[in-house]
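*Asks:* Go ahead and model the full structure; you've got the sequences and the hints to work with.
Each chain, letter by letter, is given below.
Number of protein chains: 2
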Amino acid sequence: MNKSKVDPGVLRNFCVEILKAEQFCSAADEIVDVLLEADLREIPSHGVARLKRYIDERNSGHIKLNTTPTVEFETALSAVIDGNGGPGQCVSRFAMGVAIAKAKADLVGLVSVRNSNHYGITAYFSEMAAKENMIGVAMTNSYPLVVPTFGKEAVLGTNPLSIAIPYGSDSFTLDMATSVVTRGKLEVYERLEEVIPRGWAVDELGIDTNSASEVLENFNKRRPGGILPLGGSGEDFGGHKGYGLSLVVELISAGLSIGAWSAKTYTGGVAGVCHFFGAINLELFGELESLKESFQTIIDGVVSSKRAEGREKIYYHGEKEREARKRTLSEGINLDPKTVNMLLMLGDKHRIEIPEAFLQG
Amino acid sequence: MNKSKVDPGVLRNFCVEILKAEQFCSAADEIVDVLLEADLREIPSHGVARLKRYIDERNSGHIKLNTTPTVEFETALSAVIDGNGGPGQCVSRFAMGVAIAKAKADLVGLVSVRNSNHYGITAYFSEMAAKENMIGVAMTNSYPLVVPTFGKEAVLGTNPLSIAIPYGSDSFTLDMATSVVTRGKLEVYERLEEVIPRGWAVDELGIDTNSASEVLENFNKRRPGGILPLGGSGEDFGGHKGYGLSLVVELISAGLSIGAWSAKTYTGGVAGVCHFFGAINLELFGELESLKESFQTIIDGVVSSKRAEGREKIYYHGEKEREARKRTLSEGINLDPKTVNMLLMLGDKHRIEIPEAFLQG
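For the record, the sequence lines run as chains A and B.
In our numbering, each residue's number is its place in the first sequence (first place is 1) plus 10.
In our numbering, each residue's number is its place in the second sequence (first place is 1) plus 10.
Don't take each hint at face value.
Any copy will do: because identical chains look the same in the list, a pair fits if it lies in one copy or spans two.
Stated by the list, open to error - With a cut-off of at most 30 Å between alpha-carbon atoms, the simulated DSSO-like pairs for lysine-lysine come out as follows:
| # | residue 1 | residue 2 |
| --- | --- | --- |
| 1 | K336 | K323 |
| 2 | K323 | K62 |
| 3 | K274 | K302 |
| 4 | K74 | K348 |
| 5 | K274 | K316 |
| 6 | K316 | K231 |
It should be emphasised that the hints constitute simulated quantities derived from the structure, not laboratory data.
Treat the numbers as computed from the prediction; the structure is a model and nothing was measured.
*Replies:* Listed below in structure tokens is the structure:
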């Protein structure tokens, strides 16, 4: 694929200028920061490629810019926040900020959020807490794409879940969709005209399929069928476990905030996405350095265990993303031609100076 | 399989008498209560079938009976507890009791435990909190049987994780090993001389295998190989996610308690199993009845969605176990002949009167 390498700082400024020209005002910086973090980690599905979609969602009224999140209920250790339809990144940085402030003062901060929007990579928010030597928890429900075990209707979102735990100078960060794959992965297979493995998705009867385009077409036509939970079809490979994790994300995000569960998101002109953020201060369990050593012993023990035949390395979670980040910070971010074209179009629309890297691309 | 049906009360008394005769004293009731709860739910792998094993572990010094758990570190919201080698059920009921008491007083209770033993079904402890209108969290590390993604050495336990959330007059209870299957399932396939599906386990080179006996023999001979994390081999079906969940369980149980991680359990004559218990009071998020309604809306919405072709029902987590419990409470518990023989042998050893049900079996 023909790709352009762009300096992260240049890309950031260009995207912020676009969003500001689109009247995103003070939200522009926060949104681009979170999107750029995905591109730095080479997770393009959650990167600046989303810019146009966010602009469309602002136009359709799903993303509201003249609002700020409000705290609807609060204790020393918790809050329920109404995002009031604001951009997911802004609502979520605010909400995790509240959780962290509570965990600094009283060791625990648990914040449930309703009526928000897509927030980008989940790890961004869990790592906000890990940077403060806390265990960070973040999760969100999302547009319904996933079928429950023994079901055929996509009523659950891919419902990602992230847990970040301080490790070394950085963090162990698990960030996982509770589905076996994401819609983005199906789109890649469709583009390449490759069959998808059985265990990823089901057709409109709820039967395993290996056609990505069938699943995507069913989504578009709002017919039954969808992506399977982690563990796949039925119970033989633990599909009911992935389904359970997905339900936990629903109950903790939409349930605790009394917001819209995934099947009800993006209905009636409202996105209504719900999140949950937790910050757990390590002071709850003793002396910080001893706890960090304890984490290190475990992770080092696992990654230094014997490798399977033909495998180069056992990774811990967040390690690949960290390596990618180092690479992109020094070498630039790879953008696919579709994303470059979208950015050029938006830059052109607002007569913003096009970064040289794009012109050389 | 030839099975005996036994009245739960009769079985309970018989098992308590056996453990008392084996000098388990006051621990006997607590241990049997937790084991029986598994049999009531038709999870025989964690039921009274374990009695002999616990007696053996007491004999080998892994389970210590002359100790009580001690609180080694404490805040208003948290505790680190040393199980001092006591029976897992007793240590864990005590630890979850501490978590619940803290969550009653201050809305959150988080308790990390080191130096304990096998505790039975994880759901038992998460549901202790759910019964108090709290969200209950329980997890434990365990004897190493699971290989990390791209690894071939079983350094992780099956590391189960349970989350219980009040629902209706009962609870939604997810209770899942973070591995794709448990050792018990491999043993069933070995007994039936059936091949296991690819994606369950790897051989001593770390390559997928369909031989249960190969995997079990490798365990016995302490050779590499083992069970795969939820999501299976490699990353195509999300095996790295199951591996990540397993690591989270290690970091939260052994990491926070500075105890033994799975690879180090059952070494040097010490079991050293680590747990974590959390109790989250729903008062943190508003009015109880509104929150319970919110949970109900979500769960009811999911289970009433369209069923896949050929499927009778979409379950929520804990529902099958609840149905089984109703059945066994009225019809009796099914025990397999091996378990009946073990109990008869122990009853005979201590000249305890044998329940009639066993004699008719």
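*Asks:* Would you mind marking each hint as holding or not holding in the structure?
*Replies:* Cross-check of the supplied hints:
no. : hint           : verdict
1   : K336 with K323 : within (18 Å within a copy, 49 Å between copies)
2   : K323 with K62  : neither (37 Å within a copy, 41 Å between copies)
3   : K274 with K302 : between (41 Å within a copy, 18 Å between copies)
4   : K74 with K348  : within (26 Å within a copy, 65 Å between copies)
5   : K274 with K316 : between (46 Å within a copy, 16 Å between copies)
6   : K316 with K231 : between (48 Å within a copy, 16 Å between copies)
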